[in-house]
Amino acid sequence: MTVAAAAQPTSSATMFSPKWIAEHLSRWPLHIAVIGLTAAWMVPTIGLLVSSFRPFSGQATSGWWTAFANPTTFTISNYTQVLSAGTTNLGQAFFNSFMIAVPATVLPVTIGAFAAYAFAWMKFPGRNGLFLALVGLLAVPLQLTFIPVLSFYVQHLHWTTNNLEATGIPGLPWVPLWLAHAGYGLPFSIYLLANFFRALPSDLFESAEIDGAGTLTVFFRIVLPLSVPALASLVIFQFLWVWNDLLVALIYVGGTPSVAPLTVNLAGLTTSLGQGSNLLTSAAFFSMIVPLIVFLSLQRYFVRGILAGSVKG
Amino acid sequence: MSSVTYDHVVKRYTADITVVKDMYVEIKDKEFMVLVGPSGCGKSTALRMLAGLESITEGEIRIGDRVVNNVAAKDRDIAMVFQSYALYPHMSVYDNMAFPLQMAHMKKPDIDRRVRSASKILGLDNFLSRKPRALSGGQRQRVALGRAIVRSPKVFLLDEPLSNLDAKLRGQTRIELQKLHRELETTFIYVTHDQVEAMTMGDRIAIMNAGILQQVGTPGDVYDHPANLFVAGFIGTPTMNFVPVTTSDSSAKASGFELKLPKSVPAGKGMLGFRPEALTDRPSEISTLEMKVDVVERLGSDQFLYGQVGSDAVTARVDPRMKVEPGDSVKLGLDVRGLHLFDAQSEAAFF
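Here the protein sequences line up with chains B and F, keeping their order.
Residues in the first sequence are numbered from 1 upward in steps of one, following our numbering.
Residues in the second sequence are numbered from 1001 upward in steps of one, following our numbering.
For the record, the hints were derived by calculation from the structure and aren't laboratory data.
Among the hints, a few may not be true.
Label pairs and their computed distance ranges (CB to CB) [claimed, not checked]:
#	chain 1	residue 1	chain 2	residue 2	range
1	F	R1182	B	I111	25 to 31 Å
2	B	T217	F	P1320	56 to 62 Å
3	B	H31	F	K1168	41 to 47 Å
Glycine included, C-beta positions come from ideal geometry on N, C-alpha and C.
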């Protein structure tokens, strides 16, 4: 991510002059590449969207693109079935996903920001070694941790979904999952933010120090406001990962409908024989709504040139 | 408002990297002191030690009578203007200037009064709601000054504050800074590598080289009586002419001329120094030298001649009306009052 104000190639050439044409032609390869990539990424989603309006029989026998030849077969029954509470319990799963994703995003981003600030701007013994170890953790496959962490939860803390639900405290059954996600997210979160913080001009910190700002004040009033682009991208990244996660949720909270997230619920819609796979298409679309909203609402924080005017002219 | 004393201050990074060596200087209350020297001479480090941004290896720094070695930067009652300005980019001009006061837990109306009066002094009234990125270089520089002024500190530290401005603005700001110094009646300590800034602004100048303080004095002092070869060569543009000479009692012999010295010196090798303006187009009987002119620069108010006297390169600053062409040989008089002699070994000045 760039923080420097990118120079816009502004053309001073008059329209349709040879220079103007040359400038515009030279950008064509770029445009073609961008449009091509976008299209390639869009195709599966569009296919999913079209399929979600086709009946099960159609989905099972022909490709989605053939549906346009026979538009009368389009139906909204997939959506009505998914939404009817009796069959899928989508509302509860939606709520669960939220209850899982929000703390599992806030935790690693918040803790990560504090840690990254320390790694970037505070001197303490073992800083470099610790940071190196952290970067090393990025390479550890999280599947490797399932058994030790889970056995620790269950054998030492007795944190099973049943036990935690039995306490009656709302939210408690998700605690193991929140902690797990925070742990898995932290190395990347610290790594990304520390690099971003480190790039902030040191003069700002010295100036703030002379102005009388303590470490926490510098963090909250200078570092965080200047790191909004990094924080926003990290939030998006972490939220999407948790929202779309099936495996970790399945391991730590299991399939109990009262606590299982949307992904687990969706996976349960289809049987091993393919029954109900038509519902999968429409349900997947429901699950996409939230990431889309998160992405679009945070996108405006990717302001370029946030540091402009700080140091030098 | 306070004096500042560097009492035999040393800054050492490792055993063999010492950037400031045994620096002793007393800066008087309300004085405009300029620390000047080539880059890497330790002047910024000296300033940063006073600011509290660098630790002091040996010696003491006192502000007034208080030893500040172990006082946190924010409690030293100083304000600093950075070369890069270091404005908080996400805050408006007003908030930038209010920030140090908020940190000092000052009341809102007081903050407002101080920020407004500082912005009036600096002509920033109309920009208070702007962000730094919407300001020109000169305006940003003034915001940085304003952020320092609002605190009414005992000592102002300025670390090359003009080096990011264009030449015209720099000249203008130089004058504004002097005015500001008079208005605020506060001690200013100003670091620069530009000897013109040092000469024009400083009440006194401290010249540093390779971590060692070379000379402290008024601009006139260091210009007319440089303590050593380095100071003589650093102060003044074009630089002083240096001609190796052999001395015997009170005469000096160079490759292209010989002259009587105003004082007697021990016999041996020396370095004779004289400024370009010590040469005139009126040859005198006591000391005349013949110069073969290579290049002539006419600046309107001045005329610079670059050429050779004997085998030594010499620059002369002569009356612009004097008619000289490259290739000419001209006879120039040397004003003996402008002569300096330095020891060839120690580089210290005899006179």
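With 25 to 31 Å as the target window, see if R1182 (chain F) and I111 (chain B) comply at their CB atoms.
Taking Cβ atoms as reference, R1182 (chain F) and I111 (chain B) lie about 52 Å apart, which means the hint is violated.
Indicate whether the distance between the beta carbons of H31 (chain B) and K1168 (chain F) respects the range 41 to 47 Å.
43 Å, holds
Range hint 56 to 62 Å: satisfied by the CB atoms of T217 (chain B) and P1320 (chain F)?
Holds: the Cβ-Cβ distance is about 59 Å, inside 56 to 62 Å.
Violated hint for the displayed structure: number 1, the only one.
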